[in-house]
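2 protein chains.
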Amino acid sequence: MTEKKAVVLVSGGLDSATVLAIALARGYQCYSLSFDYGQRHRAELDAAERLSRASNATEHRVIHFDMSVIGGSALTDMDIDVPEQPSEGIPITYVPARNTVFLSFALGYAEVVMADAIFIGVNAVDYSGYPDCRPQYLSAYQAMADTATKAGVEGRGPKIYAPLLHMTKAEIIQQGDHLGVDYAQTVSCYQANESGQACRKCDSCRLREQGFSLAGRADPTRYY
Amino acid sequence: MTEKKAVVLVSGGLDSATVLAIALARGYQCYSLSFDYGQRHRAELDAAERLSRASNATEHRVIHFDMSVIGGSALTDMDIDVPEQPSEGIPITYVPARNTVFLSFALGYAEVVMADAIFIGVNAVDYSGYPDCRPQYLSAYQAMADTATKAGVEGRGPKIYAPLLHMTKAEIIQQGDHLGVDYAQTVSCYQANESGQACRKCDSCRLREQGFSLAGRADPTRYY
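Going down the list, the protein sequences come from chains X and E.
Just so you know, this note's numbering puts 72 at position 72 of the first sequence, and the rest follows in order with no gaps.
Just so you know, this note's numbering puts 217 at position 217 of the second sequence, and the rest follows in order with no gaps.
Among the hints, erroneous ones may be present.
The list cannot tell twin chains apart, which means a pair is met if one copy fits it or any two copies do.
With a cut-off of at most 35 Å between alpha-carbon atoms, the simulated DSBU-like pairs for lysine-lysine come out as follows [to be verified]: (1) 201 - 4; (2) 5 - 201; (3) 4 - 159; (4) 150 - 201; (5) 5 - 150.
Hint data in this document are derived by calculation from the structure and do not stem from the laboratory.
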């Protein structure tokens, strides 16, 4: 029996840790992929490495690229401050075309390892301000991916799964608790320090803290 | 009057040099974008820089990433030799999801500079073995791009143009000659040396040499 393979985008945050656990629970041999793209919160990369190793992912690869070359986001442009209040519309922490770039590398990696699936932790509930976290975006990406690669053209291209798409943060945490995810090992903060401690102020910290509270369990996050 | 802006993917080769000249001739203010992705033929990056400067592109940015992290192509994997004979089907020089990755960075850059267009020098005639050089791929990419970004969602996302899509190499050269492209400055060879001299043996060299011959003009390429 050939084992099913999946490329899993693992950022080191709460969502992608849960997605990795879901992919493993669905029986996939997992190829974990992370990006060092000049983001402020590099502690998440250490978390991605730890999580991938702890979960017995087959391999963990990190692709380095410098998104600050094109600028345009508080997460990669050091001249723009990370906001500490919720904002209307698309937030300044939005990185232009980020999920498109991530999925495109995943598509290439999937082709090399001949993966059947790509798992991504996007979520349309809490992050509805990000255009590339919506169902219609993922469908359009799938249609494009099916024409883009050797595997796609031959009808064996990877299916893109976003199992968290319609879940609230609390539901994600409950699912992850059920699968044994160690959330103390994850880093979600946009401006975490080098030890992975969180600010408790940015959008990402606020959503995470609220998620643990609504899930009715203690918040294991280490704050500075 | 607001000037039209275009992100132009410039590799330093014959095709993208022609595309840059076409975008400029169509009145676009051009933002030239190149990639250092661990390709063997790095001399093309110097060519991209020279061409962008000579053509008065508004800016030229280079994004570095390491495609060899995921492997799978003779162009980035030093364990695979560049073939010197034409092959059937999809060639081993195909880089998994390369144009998808390139277009995705272009999409992000287009969003930052608020570009109306993205120009890419793909060609379905000479490179029909590459899945991501076909018209149906580009249409699917456009549909995805229109859902992927802030600009796309607001109905002002960039249009993707591939003006060389249905041209033969000889037609591309004739068009470029008409627009004054200096082909001696371009590097197409998959294994060019550091001074940008070409091998005259790889697929890319063969197609280029044949193109100059069919265009009925002298080949300005410097061979080693």
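Hints, verified against the model:
| no. | hint | in the structure |
| --- | --- | --- |
| 1 | 201 - 4 | neither (40 Å within a copy, 40 Å between copies) |
| 2 | 5 - 201 | neither (38 Å within a copy, 38 Å between copies) |
| 3 | 4 - 159 | within (12 Å within a copy, 37 Å between copies) |
| 4 | 150 - 201 | between (45 Å within a copy, 25 Å between copies) |
| 5 | 5 - 150 | both (17 Å within a copy, 33 Å between copies) |
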